[in-house]
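Chain order of the listed sequences is A and B. Oh and the first sequence: position 788 is 788 in our numbering, straight run, nothing missing. Oh and the second sequence: position 8 is 8 in our numbering, straight run, nothing missing.
Don't read these hints as lab results, they were simulated from the structure. Bear in mind that the values here come from a model prediction, so they are computed numbers and not experimental data. Where a beta carbon is used, it is the ideal one built from N, C-alpha and C, also for glycine. Hints are supplied without guarantee of correctness; some may be wrong.
Among chain A residues calculated to face chain B with C-beta under 7 Å, some are [said to hold, decoys possible]:
1) 50
2) 68
3) 195
4) 221
5) 224
6) 226
7) 376
8) 393
9) 405
Number of protein chains: 2
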Amino acid sequence: MNTKCPSRDFVYQDWILTETKFNPEQLHSRGTIFTIGNGYLGTRGSLEEGHARGLPATFIHGVYDDVPVVYTELANCPDWLPVIIAVNGDRFRMDQGEILQYERKLDVSQGLLSRSLRWRSPSGNIIDIHFERFASLADQHILGQRCQITSSDSDCLIEIQASINGYAENQGFNHWEGIDQGKTDQGIWLQSRTRGTQIEIGMAAKMTISGVEASLQVSIVPGYPTISASFLATAQQTITIEKLVTVFTSRERNQPVTAAKEKLAQIPDYRTLLTANKQAWDKVWQKSDIHIEGDITAAFAVRYNLFQLLITAPSHDDKVSIPAKTLSGFGYRGHIFWDTEIFILPFFTFTQPAIARNLLSYRYHTINGARRKATHYGFKGAMYPWESADTGDEVTPRWALPDDYYGEDVRIWCRDREIHNSADIAYATWQYWQASGDDEWMRDYGAEIILDTAIFWSSRVEYNSQGDRYEIRGVIGADEYHEFVHNNTFTNRMVQWHLEKALKVYGWLRHTFPERATELEDKLQLTTEVEIHWQDIIEKIWILYDPSTGLIEQFEGFFQLQDINLADYEPRQRSMQAVLGIEGANQHQVLKQPDVLMLLYLMRPSAEFPYNEKVLATNWDYYAPRTDISYGSSLGPAIQGILASDLGQKATAYERFMQALMVDLEDRRGNTNDGIHGASAGGIWQAVILGFGGIQLTEQGPIANPHIPPTWTRLKFQLHWRGQWYGFDLSGEEAGGQGEKHNFFPTPHSSLPDSPNIQGFIFDLDGVLTDTAEYHYLGWQKLADEENIPFTREANEALRGVSRRESLMLIIGDRPYSEAQIQEMMERKNRYYVELIENITAKDLLPGAIALLDELRQTGMKIGIGSASKNAHTVIKRLGIADKVDAIADGYSVQKPKPAPDLFLYAAQQLDLKPQQCVVVEDAAAGIEAALAGGMWTVGLGPVERVGAAHVVFPSLAGVTWADLRAKLNEAAKKS
Amino acid sequence: MNTKCPSRDFVYQDWILTETKFNPEQLHSRGTIFTIGNGYLGTRGSLEEGHARGLPATFIHGVYDDVPVVYTELANCPDWLPVIIAVNGDRFRMDQGEILQYERKLDVSQGLLSRSLRWRSPSGNIIDIHFERFASLADQHILGQRCQITSSDSDCLIEIQASINGYAENQGFNHWEGIDQGKTDQGIWLQSRTRGTQIEIGMAAKMTISGVEASLQVSIVPGYPTISASFLATAQQTITIEKLVTVFTSRERNQPVTAAKEKLAQIPDYRTLLTANKQAWDKVWQKSDIHIEGDITAAFAVRYNLFQLLITAPSHDDKVSIPAKTLSGFGYRGHIFWDTEIFILPFFTFTQPAIARNLLSYRYHTINGARRKATHYGFKGAMYPWESADTGDEVTPRWALPDDYYGEDVRIWCRDREIHNSADIAYATWQYWQASGDDEWMRDYGAEIILDTAIFWSSRVEYNSQGDRYEIRGVIGADEYHEFVHNNTFTNRMVQWHLEKALKVYGWLRHTFPERATELEDKLQLTTEVEIHWQDIIEKIWILYDPSTGLIEQFEGFFQLQDINLADYEPRQRSMQAVLGIEGANQHQVLKQPDVLMLLYLMRPSAEFPYNEKVLATNWDYYAPRTDISYGSSLGPAIQGILASDLGQKATAYERFMQALMVDLEDRRGNTNDGIHGASAGGIWQAVILGFGGIQLTEQGPIANPHIPPTWTRLKFQLHWRGQWYGFDLSGEEAGGQGEKHNFFPTPHSSLPDSPNIQGFIFDLDGVLTDTAEYHYLGWQKLADEENIPFTREANEALRGVSRRESLMLIIGDRPYSEAQIQEMMERKNRYYVELIENITAKDLLPGAIALLDELRQTGMKIGIGSASKNAHTVIKRLGIADKVDAIADGYSVQKPKPAPDLFLYAAQQLDLKPQQCVVVEDAAAGIEAALAGGMWTVGLGPVERVGAAHVVFPSLAGVTWADLRAKLNEAAKKS
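In isolation and in its complexed conformation, chain A is listed as follows:
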């Protein structure tokens, strides 16, 4: 294949990429490749000392700002990297003096980027310089840098300048207005704000020098706060400079600069932070690693691709998603495409489900944008944008503007016509649900996505009465070379599939969570007519499938287009659209990426229509040779590789796989400078696990049917499926079978020290210290009495876990009440409940609660409450434990509910404790998850199925002592 940029200067080890030569021509592609990050931010591999053509970039999830034409983009944030070194007055730069030795390493096992070099200055001094940097995965707001300098031949005067550069730019545009900056005891800080979206950022930095006496000065250059020092370095003496940076934005904190300054004042030294970072990475890789033996390039490159996804995975934020170019480059402006749901998501669904949930929740939180888009185009429901950013509104640019004065503006039609992504998002939502069994999320988030996009489709399809069929006209399918087509099979079948699943989800919801079903019926105007319409569309939508041959036509009239032999155009270095022109490509049977084959790939897991082996073979033979797999979309190769593997075409499978695998490490498409090909990286995981690993997901769990490349001697990985981990350790002999169940849990999600230093406890209220089920009963009883309906404590047992509406229905039976009366009764019961909990007393404390509280207070523990209830203060007072409680975080304290860690973090803050000094006691899965996300110790009360993720599990608080608890926590800490 294309080896335009062979990476002769790259050496691959299991976890380490080493660049042996600095080539300024590759400055920007290498800037992408050496990106590091921690799921909060990504920082490109720019040079600490700067470079004439350098484009340092740090992107923080969700920090978008306005920009003309493309509406919004991820703002390049102030640069935390600058460290300038001058040796006897000569400023160190890669393009001055002489580089005598050079090595740059990326250690993906811990996200550590380093550079070692020996430099002869223009004046002839020779010094060794070693740089390191990492973005802490243990605490996303901490960034670390180290620089070690050794003068190898003579004493010399060294000047150091460590800065935060507020003049970061997006292709020349600086999104930031400086608000303020200054000095602290510790160093410097900078406060800036995006011009349009008014997002504030606060950064603080300090520098320490060891190995020599040096005093630090701080300079107040506007927008470029700088700490500097100069000292005499004696020969052969190593001097270490450590620069620690903290960063917050107003997305997380009201006073980000205060938060940055405070954190900076508290953090330990570089070495300690790096250790915590490494531990955090160990836990991530424990789940997400793929271990390959026999092919060192693949072994490293697969990890490299997964690393690039992991560093951009928003583990703490469910209002952002992964941009097409991750957080590693300016390409596509940080916009989010179907790439995330279809290509990237499976990796997370099966190895980091909490992150998968965050990514999908982003679509839930932006659904109002999708609704505005639907309204704008005259449709109903939610029409997801082709390119999405912070609001979910459509941000695909309308125009590709010409470079010259009289050139034509080219209209970009994806915003209007490439509509399949609303079905793609529904597909991903369904798949996540299938894999995770996360019914709560499906109830609260997923169902609304699937149903409101289904409503969009029912307004978008057109009924053709002549053919008695539904059609979807005027679209762009997955293949973007054809810009205005009718009845694209990919789109039509995905819509049909979507509506099938929408009916199932709706049925499930009505059955399992009827109150939520009612809520969505009201909100989305879901009626029986809508259901019938969906069913009708499913039955009658036009699918261009020929049952006699199994051949699928990509869209109406595709087979009438001019045919093409791609071999006639080889060799080439451009896409077929560039060769033929936009109109030319439209008129030929040439594909930018798989379309029919993409559909078959998506229908493959459950072998749904029209997928079967014969259909795959037939359509592969037709479409694969007509697909511009080298210079079309980077979304193609991994998927085609998997299908080739299914078809036993081993050479092609491996070739396509390598094409995807090395797309960035070898800059195969010449655009790695724009950022990592995120979809391709996601495709790699699918290619290894679903292609070579041949994983099939069955009711009994995942089963491997491997087709491992000949050189691979071992392929080892693990998958999370419906609450269980399955480990696979496959040899090259293609022996498959079911995976071995693992129990990774309990594992803390974030890094906690090996020996806990507990200073306080945070208790959930309902279900932990007290139980309000009784008051619900009393509320119903009062209502039933007033209505003269028989009701008993026994009958009440049937209402546990049943929604308010459904409970009422059970009570009233077939008595004839109007909807208005039902509504009134529901409200009345709730009013009674709220009044009743005013009557709570100490007797409502659950067994063991008061004893443990008292024991803990005697040992000096601080006690906090972390409850989502808005009545928490009242309840605590009534329970008579107000004097045992130091702080209360309740339903008014934070915005984001559990499983976000906010509530517990707030409580810890109120207690003046660090998260790792706190134990959270919870009875709900979301509560345990929230505490783990907050970096706290966790005690789960209840069945392991529900709270098994906690460090320690008890059935209830009855009989629990501090000694007992402490022992179990220490044990858990050693395991993790």
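Could you slot chain B onto chain A? The hints should help.
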């Protein structure tokens, strides 16, 4: 009228504007108002210490860079202003501590901006700070700043940081890539380059501190080189900080940063530079001032408007022009409109004709862009862009992009339809020629503009055979509220007028400069058919004029549009287009600006059709009430004021005048923050001189027929008309009459010391040291001999000053030669000429040349040659004077020919002399002008009519001695 922003905090004196209060709400409008400049650059009135919402901006003529949507813009250049002061650690800022006293002054007599304040720091220290700045008019590459600090109550630690800020931005976009920066003995320097156009800038700065001992440190913060110092200031002691900055771009110098560093090393102190600047301003105001008594607001505000034009007037560059918002703001991105030719130019034509010529020459140098535009739209000739920048290509944006995701893009049609400016430019070209009598410029530049735009018109008009008339359909006229109209009278009549003048210019050229006429005939394909076509268009173009009433219809169908009573919409704060919408305005009889009245105004000077008093009155009554004079275009009020004055409507005249006069000082339209309304400022000059002064230009010179506002007791000004100055000193009693002739000449154009310190001479070659006429004769003779045509030395006399083609025609008489043969003979003769000058010897030296050269060398003078000839080296060698010459600047040395100073500056540089140490000896007007522009002493050889601008004039070098010359130069120096 609108007094939305009454300037209660402004005090006006004759030459000085004083702001008595700092209001951060007015930060940006005041930033415009306090702009200073020197014709090379403009710097907005930003604060030295910065401001949170500050937008410091410096624009340099011609420094455009690429930008999306609007194609190109003036790049905001690195900011030379930053001076940061910290008092006992408190950084001085207007928004911190307390401002106890405040005053900001702009002295327009010398372009000096100052700010004096007393500040109480947050820690309680009280200090007085006085800032000053100027951009030197004496040397455009020098910028000066001074800051004086006095601690009023106690000793305190002062820290000072003086910087160049390389992060200047255009609405967030930084056009500059840093190349390098560093320290010098003197201070700091910065080298940057625009991203797209690759224009390099070099800036250097130094700082001196007097009044205290303080050592300076230089910091190497990337892109922000900084000199800093800290010192203890004792109470009541004044410390003076002077910061001098030099700036060059690659538009003037190959190595701009070297030039900046070298100049910085040479320049004297602040006081000396400020004095030179003042002297340069004195000379400018001597010609351009308008002196008003009896109305202090008008007295200052008129000067203020002229000042804003003068600081943006490119006196040294004929490849740039004045943008609509001058060099004072970001509005319209530094693009150039008809505003310059129609509104601004007359001020320069009549008071600074050399600048007027530069401005018009810009259109000549960008005519190829106008040709590309014509070609793009399918027309012939030159179609000037509606918005123009560096190349003359059309840079009007196509789209006004929406702010929101689903808003509509609004198509901007001016680029396609507002075509009248090609006629406007021709109009201005003609007027300049009429006023200046500058035949050479008309021959070399103006004629090509007028003729090639006339060719455009003949391809743009449409012949309507039914009506036997020419029409111009689908245009926007001067009134931009109507976006697609047919036969706009303004456009049609301007085209007719243009073609009338094109025929005259063509006839004049054929008669006076037949060689040039031939050249243009060939180049532009000017044929008899074209002339006939022009004549036909003139006769038959449709003008919607009703001779019975004198009423003119603005365009076809205007009178059928819905009528409007603007009073019904009062009071309002928006334009009528904003009130009615784009379509609504299109459908009403409402004008954004004068259209028919604008035409009458342009036809007024020579009372050409359809102008006469009755027509004016009729159309005034119809159109003035329908014109949105308050919130429509700012181009309207001054022009309507003049016409109202003509009509004896004194109150209206004064009201309109004040509306234009105070548009920026009182921010009447709320958009002064975007930059000075340049066209309105130009209109002010026209309103005072042509309106109130009632100046009419007659064959006998300008005549005043004043209508002076009642409060004005005196109106004094001067005009340049056909080589003569005319002074007017009018009282309020409306006594008019002819102006008094002045003789400002000889005045050096640039500032030269009173006692010349001459170190060298630069001689033009042909006509000064030698004469090549003889070789032309010999060339013709050889040709004639070969062709057997009788030819004699006597016959040759008739060929002096006659073009090559015309000479050949005289020689061959009526002999029948084909065009091909004629071409061949012309080439042959030229070849002979080039061969013949190889035979030049010392006897070809002109009388007196060798004697003067020898005498000068004996006195130690350096001798240079400055000749446009590409054979200069050969000729000098042949003349035997090579050993008497230290440096030769020839046709290869520089790009810009005389009258640009480049060639002589290059020669001076080669001689290692400063311009003011050089005497240039020249026989051509353009050469004298070039030398004056370069700041050199000048000796003219020949008639005063030709070289009268020189400091000293001789008939020839015969008998000229150094003693003689020195005496005359000293005398001239005292006069100037």
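Evaluation of the provided hints:
For residue 50/A, the interface hint holds, the least distance from its beta-carbon to any beta-carbon of chain B being 6 Å, beneath 7 Å. For residue 68/A, the suggested interface contact is upheld, since its CB lies about 6 Å from the closest CB of chain B, less than 7 Å. Contact between residue 195/A and chain B, as hinted, is supported at the beta carbon level, the nearest pair being about 6 Å apart and thus within 7 Å. Of the supplied interface hints, the one on residue 221/A holds, with its beta-carbon coming within about 5 Å of a beta-carbon of chain B, less than 7 Å.
Interface restraint check: residue 224/A against chain B, minimum CB-CB distance 5 Å, threshold 7 Å, status holds. Nearest Cβ of chain B to the Cβ of residue 226/A: about 6 Å, under the 7 Å cut. The hint holds. Nearest Cβ of chain B to the Cβ of residue 376/A: about 4 Å, under the 7 Å cut. The hint holds. Here the hint on residue 393/A is kept, as its CB sits about 4 Å from the closest CB of chain B, short of 7 Å.
For the restraint placing residue 405/A at the interface with chain B, the shortest Cβ-Cβ distance is roughly 4 Å, inside the 7 Å limit, so the hint holds.
Checked against the numbered hints above, the structure violates none of them.
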